[in-house]
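Visitor: The primary structure of each chain is shown beneath.
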Amino acid sequence: MLRALVVMPLLAAGILGIFGRRWSERVIAAIGCGSVGLSMLLALYAFIELWRLPPEHRVIHEPFFSWIAVGSLQVDWGFHLDALSGVYILFVTFVGFWIHVFSVGYMRGDPGYARFFAYMNLFMFMMLVLVLADNFLVMFVGWEGVGLCSYLLIGYYFDRAYAASAAKKAFIVNRIGDFGFALGIILIFATFGTLRFSEVMGIIAARFPEPEALGEIGLLTTIALLLFVGATGKSAQIPLHVWLPDAMAGPTPVSALIHAATMVTAGVYMIARCSELYARSLTALFLIAFVGALTALFAATIGLAQWNIKKVLAYSTISQLGYMFLACGVGAFSAAIFHVVTHAFFKAVLFLGAGSVIVALHHEEDMRRMGGLKRFMPLTYGTMLCGWLAIAGLPPFSGFFSKDEILWRTWTSPTVPEPWGRLLWGMGFATAILTAIYMTRLIVVTFDGQERFALLTEGQGSTALTPHESPRVMTIPLLVLAALSIGGGWIGLSEAYTGGRVANWFEQFIGPALASPPVHPDHLSALGEEPGHGMELGLAAATVLAVLAALLGARRFYRRDPLRRVPALLENKYYVDELYDALFVRPLVRGSTVFLWRVFDVTIIDGMVNGVAASVAACAAVLRRLQTGLVRSYVVMIAIGALIVLGYFIFVGGRIPIR
Amino acid sequence: MIPISWYLAVAAVLFTIGTVTVFVKRNAIAMLLGIEVMLNAANLTLVTFSSYFRELAGQIMVFFVMVVAAAEAAVGLAIVILLFRHRETLNVDEAQALRL
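So the sequence lines, in the order shown, correspond to chains A and B.
With the working numbering applied, the first sequence corresponds to residues 15 to 673, in that order.
With the working numbering applied, the second sequence corresponds to residues 1148 to 1247, in that order.
Hint data in this document are derived by calculation from the structure and do not stem from the laboratory.
Among the hints, a few may not be true.
[To be verified] Just a sample of chain A residues kept apart from chain B, beta carbon distances all over 12 Å, derived: (1) Ser-179; (2) Gly-386; (3) Ser-539; (4) Arg-569.
[What the hints assert, rightly or not] Here are a few chain A residues that sit away from chain B, every Cβ distance over 12 Å (derived from the structure): (5) Ile-29; (6) Leu-56; (7) Tyr-171; (8) Leu-197; (9) Arg-383; (10) Glu-432; (11) Gln-522.
[As the list claims (entries may be wrong)] What follows is a set of in silico ranges between Cβ atoms, one per label pair, in the way DEER data are often shown: (12) A:Ala-635 with B:Phe-1170: 51 to 61 Å; (13) A:Ala-632 with B:Glu-1202: 48 to 58 Å; (14) A:Ala-632 with B:Phe-1231: 37 to 47 Å; (15) A:Leu-660 with B:Val-1194: 58 to 68 Å.
The C-beta atom is built at its ideal place from N, Cα and C for all residues, glycine as well.
So here's chain A without its partners, still in its complex pose (with noise of 0.2 Å):
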């Protein structure tokens, strides 16, 4: 059943690769979204099958294949279903089903059609073989082929030159965390002999019973961090967060599924999924607390500043990543689960919407040439606005549960040490309304106000442009995802608003595969006491407000001008892309050209090369010699090899074997 539901993307994939270019966009569509659409069924399937296990055996273990055996050295392709990977493929397949159909109205008409789903499922597959892997090395070959898959995407357009850069940036950009991540691969294998999640994770159970203290950089710790730097490069965290904006380079489809949804959240999964680490180390808990929030904060500023629509969903993006590690730091790891699940609906939503503009556009990304568009296209709109309030955090909608509880959870954080906890709620609740104000903006800029696109195609010599509504393709996944925007966030309901009496759902699920966080000796005094739910109504009620007053603060202000000035310093991203340039790119450009191409490869790499070609020839000149074209001179040397062959037998005793 898992075997099934894995492999039915990468059959398709197959397929289209191979046959697709020659069939028409009605077939290729067919296939590329019916595999998805069989996986997701599947995925429902498996998942029910998991639900109706008793809560504590929930793990559905499914072998595959034995891959390498090389002394102690054995790994398996095993899929592993618990509820943490249960809730991953329910919805990577379900939002990835909806982006699919969404891409059949979205490609319509481009020569690259059957390749953009082939590599479309192929990230499905890879992205499942992630989260199902029950082994180290086996995510890790997920982990690389949705690293490919997301290389081909950004590349997709490979005939414009920032695309093709922004893939290469991409795909550079993360392996600096995947060697981090390799590293951290090799020294589990070394340290514990297995590279099977549950045996791994068994071993560190029964060996330290205690967490590493903060500041002791142990076994674990090590560890810890070097898993984290991958997790920073696949999720864009600080400070590998720079290719995530030039991500958008690709088809917005591609930057709703796998820039947004799925694939940037596999940092989350690993972490996660390696909880029982983490909780044994405060050191990376802490660091990974700060880093989140400081990303989110972070990137929030960013995205007030930037101009592309797909830009500030892209910073969005990284922003709320941020949210998801601090929660993960703060050891609530369901809670960053969470919001992993109700920020895929609410993103998909806003980036799909994003994609519909874009479309009716004619493919314009630039919101000064927005404007005004509620008028021309109510559907894109409607559920732009949902997308919008759900990013907000406004109840009753998906994000408010999930960003409200990493938020308690934070206040709460058993693991950081005594002013942090409210520090870095400080940091999560700037973030909250600086989210607020910069989806305002670009709901205003792009959908209220004067159109400002027929000005500007007009002066371009070009006839007026009328935006349309897309067709239903388009808009049917959008109500979808907007749907569970709306309602998707009741499933982590916090048991606060009911007094206790109903449990959060979500958590009572997860949190048998998950790890509990370990207590910093700040807060062992604490140990015990249930900080109440009036506090967690309190806090909630305070973000809710400033929200409030943030999105309709900034709604006026954006409505007056929506065009006025941003901070240069925020525009240009903080300039970290031109402090990377000239600490790391032209260092090693330069260094490259000077040394490693003038005198290394010069010298000493064609010295070698031209060397071996003179000396044959040398030899060759005194070997021709032997060459006489005179067949008798021929016969007379083979005579005297011949006879030096005999000689040898005779007189030095080389017996002939005879039996």
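For this one, chain A is given, so just place chain B on it according to the hints.
Guide: Only chain B this time, still in chain A's reference frame:
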């Protein structure tokens, strides 16, 4: 029964004849003939020892030699024909265009 040395002697004589032919003749066809004689001398030795040691491997080997000899003769004669067409001669000493 004829002693084994007689067979070997005949083979040795044949081999010598073949060798000398190859050495002294300049006619390409004669040289090929000499090679054939040498091969058959070797065949004779193989068959002799084969029957002497009651061991079939030698005789099987002979078949291989025959096949190779046939192939060699076919290629060799083809070369000789081409040589004659181009040079109107069978003298191998005159075929030295590849000489440096």
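Visitor: Does each hint hold? Answer for all of them.
Guide: Hint check results:
1. Ser-179: 56 Å, holds
2. Gly-386: Label holds. Min Cβ-Cβ 86 Å, cutoff 12 Å.
3. Ser-539: 94 Å, holds
4. Arg-569: About 93 Å separates A:Arg-569 from the closest Cβ of chain B, which puts it past 12 Å; holds.
5. Ile-29: Non-interface label stands for A:Ile-29: nearest chain B Cβ at 50 Å, farther than 12 Å.
6. Leu-56: Its Cβ never comes within 12 Å of chain B, the nearest being 62 Å, so this holds.
7. Tyr-171: Answer for A:Tyr-171: holds, closest chain B Cβ roughly 59 Å.
8. Leu-197: A:Leu-197 clear of chain B: closest Cβ-Cβ about 60 Å, beyond 12 Å.
9. Arg-383: 77 Å, holds
10. Glu-432: With a cut-off of 12 Å, A:Glu-432 remains clear of chain B, as the shortest Cβ separation is near 92 Å.
11. Gln-522: Per Cβ check, A:Gln-522 is outside 12 Å of chain B; nearest 81 Å; holds.
12. A:Ala-635 with B:Phe-1170: 51 to 61 Å: 31 Å, violated
13. A:Ala-632 with B:Glu-1202: 48 to 58 Å: Holds - the Cβ-Cβ distance for A:Ala-632 and B:Glu-1202, about 50 Å, lies within 48 to 58 Å.
14. A:Ala-632 with B:Phe-1231: 37 to 47 Å: Holds, since A:Ala-632 and B:Phe-1231 (Cβ atoms, about 39 Å apart) stay within the stated range.
15. A:Leu-660 with B:Val-1194: 58 to 68 Å: 21 Å, violated
Hints 12 and 15 from the earlier list are contradicted by this structure; the remaining hints agree with it.
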